[in-house]
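Enquirer: Listed below are the residues making up each chain.
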Amino acid sequence: GQNIDQPTEMTATEGAIVQINCTYQTSGFNGLFWYQQHAGEAPTFLSYNVLDGLEEKGRFSSFLSRSKGYSYLLLKELQMKDSASYLCAVWGNNNDMRFGAGTRLTVKP
Amino acid sequence: EAGVTQFPSHSVIEKGQTVTLRCDPISGHDNLYWYRRVMGKEIKFLLHFVKESKQDESGMPNNRFLAERTGGTYSTLKVQPAELEDSGVYFCASSQRSYEQYFGPGTRLTVT
Numbered sequence: 001g002q003n004i005d006q007p008t009e010m011t012a013t014e015g016a017i018v019q020i021n022c023t024y025q026t027s028g029f030n031g032l033f034w035y036q037q038h039a040g041e042a043p044t045f046l047s048y049n050v051l052d053g054l055e056e057k058g059r060f061s062s063f064l065s066r067s068k069g070y071s072y073l074l075l076k077e078l079q080m081k082d083s084a085s086y087l088c089a090v091w092g093n094n095n096d097m098r099f100g101a102g103t104r105l106t107v108k109p
Numbered sequence: 110e111a112g113v114t115q116f117p118s119h120s121v122i123e124k125g126q127t128v129t130l131r132c133d134p135i136s137g138h139d140n141l142y143w144y145r146r147v148m149g150k151e152i153k154f155l156l157h158f159v160k161e162s163k164q165d166e167s168g169m170p171n172n173r174f175l176a177e178r179t180g181g182t183y184s185t186l187k188v189q190p191a192e193l194e195d196s197g198v199y200f201c202a203s204s205q206r207s208y209e210q211y212f213g214p215g216t217r218l219t220v221t
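Note that the protein sequences, when read in sequence, are chains A and B. Numbered per the numbering used here, the first sequence spans residues 1 to 109. Numbered per the numbering used here, the second sequence spans residues 110 to 221.
Careful, some of the hints might be misleading.
Some chain B residues close to chain A (C-beta under 8 angstroms, calculated; not the full set) [stated by the list, open to error]:
#1 I152
#2 G168
#3 Y208
Residues of chain B clear of chain A, computed beta-carbon distances all greater than 10 angstroms [said to hold, decoys possible]:
#4 V113
#5 G125
#6 V128
#7 S136
#8 H138
#9 H157
#10 S167
#11 F174
#12 T179
#13 Q189
#14 P190
#15 Q205
#16 Q210
#17 T221
Everything labelled a hint here was simulated from the structure, so no lab data went into it. What you are looking at is a predicted structure, and each value in this text was computed from that prediction instead of being measured. Here a beta-carbon is modelled for each residue, glycine too, at the ideal position from N, C-alpha and C.
Could you put the whole structure together from the sequences, leaning on the hints where they help?
Expert: Now the structure itself:
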């Protein structure tokens, strides 16, 4: 079967660092994505990994290990506005995108 | 640059009725995708257009759903007849490069 697993909820403190993990088992792999979605809004693209390693983009970084079927999104210097759901998605065969259920991150003062 | 737009933003219909959702992608984006998020579940892929051609419609739940993209510009997703389980948020996304999809605001469909 195909699974994309990520924690349901996480809480962190403003200014801290948080790591959101994602494990996947899919038929085919053409890349892994992280999206941010605020309540009632559309998902917005954060990052894309297709090769193993770390991709850094400002306060956000994303890591991929294809052999382990594992990725994480690292958020540094957390801000209150970072409170949102973070969606892990895998681009598989047949050009379809499969999403995890999302991790709801709450940033507290 | 205008983003992906979707119409309507909300739709409330009765079971058995027909609803048509519209998506206008970012100008110049050949790739257009439809997704659906049912309450409490993850976002699920429905189908993918490249210009006016259906590249992959493996995610379409059944034959009550019909997607079109005449002329390779905007797309419509028709649900006929609607059932209670069709309620959810329908997202459209477009991209030029396949890995960077821009999502529209979604259409919230409620079937009563």
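Enquirer: Please go over all the hints and tell whether each is borne out by the structure.
Expert: Hint check:
no. : hint : in the structure
1   : I152 : holds (4 angstroms)
2   : G168 : holds (6 angstroms)
3   : Y208 : holds (5 angstroms)
4   : V113 : violated (8 angstroms)
5   : G125 : holds (28 angstroms)
6   : V128 : holds (20 angstroms)
7   : S136 : holds (18 angstroms)
8   : H138 : holds (13 angstroms)
9   : H157 : violated (5 angstroms)
10  : S167 : violated (6 angstroms)
11  : F174 : holds (15 angstroms)
12  : T179 : holds (21 angstroms)
13  : Q189 : holds (24 angstroms)
14  : P190 : holds (26 angstroms)
15  : Q205 : holds (13 angstroms)
16  : Q210 : violated (7 angstroms)
17  : T221 : holds (21 angstroms)
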